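Visitor: Letter by letter, the chains look like this.
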Amino acid sequence: MARAEAPELPTDPTAAVEAAKADVPPELVAQSLGEYARGYVARIRSGESGVLPVVVGLVAIMAVFEVISPNHVFLSAGNLINLFQQSAVFMVLAMAETFVLLLGEIDLSVGYVAACGGVIGVQLVQPVTTNWPWWAAILAALAFTAAVGAVQGTIITRLGIPSFIVTLAGFLIFNGVMLILLLLGPFSGYPNLTGGGFNQQVIFNLMWGSIDPNVSWIAMAVIVLGIAALFWFGDNRRRRSGLVAPPVGLTLIKIALVAAAGIAVVAISNINRANLGTLEGVPWVVPIVLFVLAAWTILLGRTRYGRYVYAIGGNPEAARRAGINVANIRTIAFALTGFTAGIGGLLYASLLGGMSNNVQGGQYVLFAVAAAVIGGTSLFGGRGKAIHGVLGGLVIGGIYNGMYLQGLDVQRIFIVTGLVLLAAVTIDAVSRRART
Amino acid sequence: MPPQRAAASTIYVRRRMEGVAQAQVSEDLKAVTEPLLKVRGVDKHFGPVQALYQVDLDLPSGQVTALCGDNGAGKSVLTKCISGVYQPDHGEVFWEGEQVHIRNARDAARLGIETVYQDLALADNLDIVQNMFLGREKLRRGLLDEDDMERAAAKTLAGLRVTTVRSIRQPVASLSGGQRQSVAVAKAVMWNSKLVIMDEPTAALGVNQTRMVLDLVRRLRDHGLAVMVISHNLNDVFEVADRIAVLYLGRMVIQGEASNLDRQDVVEYMTTGKLSRTSPKEKRGAG
Numbered sequence: 000m001a002r003a004e005a006p007e008l009p010t011d012p013t014a015a016v017e018a019a020k021a022d023v024p025p026e027l028v029a030q031s032l033g034e035y036a037r038g039y040v041a042r043i044r045s046g047e048s049g050v051l052p053v054v055v056g057l058v059a060i061m062a063v064f065e066v067i068s069p070n071h072v073f074l075s076a077g078n079l080i081n082l083f084q085q086s087a088v089f090m091v092l093a094m095a096e097t098f099v100l101l102l103g104e105i106d107l108s109v110g111y112v113a114a115c116g117g118v119i120g121v122q123l124v125q126p127v128t129t130n131w132p133w134w135a136a137i138l139a140a141l142a143f144t145a146a147v148g149a150v151q152g153t154i155i156t157r158l159g160i161p162s163f164i165v166t167l168a169g170f171l172i173f174n175g176v177m178l179i180l181l182l183l184g185p186f187s188g189y190p191n192l193t194g195g196g197f198n199q200q201v202i203f204n205l206m207w208g209s210i211d212p213n214v215s216w217i218a219m220a221v222i223v224l225g226i227a228a229l230f231w232f233g234d235n236r237r238r239r240s241g242l243v244a245p246p247v248g249l250t251l252i253k254i255a256l257v258a259a260a261g262i263a264v265v266a267i268s269n270i271n272r273a274n275l276g277t278l279e280g281v282p283w284v285v286p287i288v289l290f291v292l293a294a295w296t297i298l299l300g301r302t303r304y305g306r307y308v309y310a311i312g313g314n315p316e317a318a319r320r321a322g323i324n325v326a327n328i329r330t331i332a333f334a335l336t337g338f339t340a341g342i343g344g345l346l347y348a349s350l351l352g353g354m355s356n357n358v359q360g361g362q363y364v365l366f367a368v369a370a371a372v373i374g375g376t377s378l379f380g381g382r383g384k385a386i387h388g389v390l391g392g393l394v395i396g397g398i399y400n401g402m403y404l405q406g407l408d409v410q411r412i413f414i415v416t417g418l419v420l421l422a423a424v425t426i427d428a429v430s431r432r433a434r435t
Numbered sequence: 000m001p002p003q004r005a006a007a008s009t010i011y012v013r014r015r016m017e018g019v020a021q022a023q024v025s026e027d028l029k030a031v032t033e034p035l036l037k038v039r040g041v042d043k044h045f046g047p048v049q050a051l052y053q054v055d056l057d058l059p060s061g062q063v064t065a066l067c068g069d070n071g072a073g074k075s076v077l078t079k080c081i082s083g084v085y086q087p088d089h090g091e092v093f094w095e096g097e098q099v100h101i102r103n104a105r106d107a108a109r110l111g112i113e114t115v116y117q118d119l120a121l122a123d124n125l126d127i128v129q130n131m132f133l134g135r136e137k138l139r140r141g142l143l144d145e146d147d148m149e150r151a152a153a154k155t156l157a158g159l160r161v162t163t164v165r166s167i168r169q170p171v172a173s174l175s176g177g178q179r180q181s182v183a184v185a186k187a188v189m190w191n192s193k194l195v196i197m198d199e200p201t202a203a204l205g206v207n208q209t210r211m212v213l214d215l216v217r218r219l220r221d222h223g224l225a226v227m228v229i230s231h232n233l234n235d236v237f238e239v240a241d242r243i244a245v246l247y248l249g250r251m252v253i254q255g256e257a258s259n260l261d262r263q264d265v266v267e268y269m270t271t272g273k274l275s276r277t278s279p280k281e282k283r284g285a286g
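Chains B and W, in that order, are what the protein sequence lines are. Residues 0 to 435 in numbering that gives the first Met the number 0 are what the first sequence spells out, letter by letter. Residues 0 to 286 in numbering that gives the first Met the number 0 are what the second sequence spells out, letter by letter.
If we strip away everything but chain B, and leave its shape as in the complex, we get:
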């Protein structure tokens, strides 16, 4: 019988080693930076490109618009801050959409749910009506949008109705709800944030307030040092205990990039960007977006919840058999999408200095999905990160901003944005095919 001489050879010496070569994240096998670089190139070739395409795209957009923009204003401090403020709403909505995209679902209602959140925030701080403190108004707005997400998620997961349909209904419903909320109160016109009340001012400052230049430097230094320490000690510990870890050089490069980005942001922000008087310092919206990014990066990357979201996106049946409560995880994801959309809505209200019936909720949801996908999040579930939403949001904001500077009208901007989205989705689909 064959088992009498059970072969003790190392099994399967040849098969699949080659297939695996390209797909392994380069930091796993590389011991030196050179090997790492080669591994990275191999990985890009095999379709696992990570954030590289969007970073390259971003640089290209910046370069092109800087060259063609009138008087080369595109990369001026004032315009870059402006660009970030415009992009912030896309970024946050894209991060909102990321939770459901990771599950292979979609939420079409985020635009108007976000708008409802914005209207609630603006309405509640009106001195002539409720005059709530700003924090209570923000909490109420976020509670509302999270609850909306939870309800939609419950319908989707418990009744098994496709998210596309449920959130399409939500899209219409919350368009209506938003208009009703807008008309509450004794305003001739619409409620706004420029009336001078303290709480109105705080919400207005979410987008338009700036941090004192010196405080900006100190805060940036603290944050960069903190991140550097995390990278350095984390990677060191892994290297010491013989775990899969990037080479020292790569850790240093990562830290250097973070430091450079931090210094660049503060340096640009601290240039006086006002035409008259002074306007300088890092806008509040920068730390707000960074905070959302950090929170969702940790939630998705370092917690059980996040792991389950990826698992469900990759193979729901495997997740179910592993004892994961799939319905709960999915419902919570929709609630988190609603919650994050609420943050986006408040930023949007702040950007406009109030809310009106002119919210393009449908357009915003498409931009949110587009930003996430352009950034590298897959429409097919299981692949994506919060940072993808931020990078994709910058791309869309950059295109928008640059084309406005060119004096192009909105039709052409739509067409270009649509083409960029199409390109991103094509890359997603093609790389998916390359991997399977």
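Every clue listed holds true.
Partial list, computed: chain B residues near chain W (C-beta under 10 Å): (1) Arg-237; (2) Ser-240; (3) Gly-381.
If you're looking for bench data, these hints aren't it; they were derived computationally from the structure. All values derive from a computational prediction rather than experimental measurement. Backbone N, C-alpha and C define an ideal beta-carbon position, used for all residues, glycine too.
Chain B is already provided as a structure; the job is to place chain W on it using the hints.
Guide: Structure of chain W alone, referenced to chain B:
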């Protein structure tokens, strides 16, 4: 390793080394140890369809038991009765000599029963470590303890001598069929399991990959685990199985030492439920 399992595997190793008459040693083995899992008189029906009739099955530690049978013979139903997916209508299940009721997969896992399904239930987008710990992640201060999980996963894989993967941080999507099967098995044995049930582990694999998986099955046995392999492939069955059990239309028609059966017998049991020619060695199971 608990002393009882150590004893069983020592005896097994001696048997392999010295080529002692197998029947004799297996009698010794029976005297020393109760089978890890004993199924007695299990019935299961779905509406009017009787899927299992009075099925008995023994799964001893340190041995590979192959469960054979044609399509619809009840292999899956029996497996699911053991792994807690279904509850038997009648009959008893004994685990280490004590009667147990396995109501769900969690109960089975608590006893030490893990099932590797044919589709493996791996998430392609997660890496090997993440898959092996899926649903049972280790935490440190509320966050995932990746370092600890990676060490434990590496140890388990090394113990099974799964060495062909380049890195345990590579996504499962990049693995070959045999490697994926290995990861699924490693995931199953990671949790101090005592019985591993494998559903058609070699069904979709080529020659090299099949050898790799069969080696893995042998290694589990050498570690003293009870292994049940469900398979159509008699080549594989005769290559790894110590014991063979054949189901025919919901009845256990034969169960015994693999060395007492030949391929022809097993095929006949699988297709007709009985043996036309008289075989002196074979002893019938309950039927």
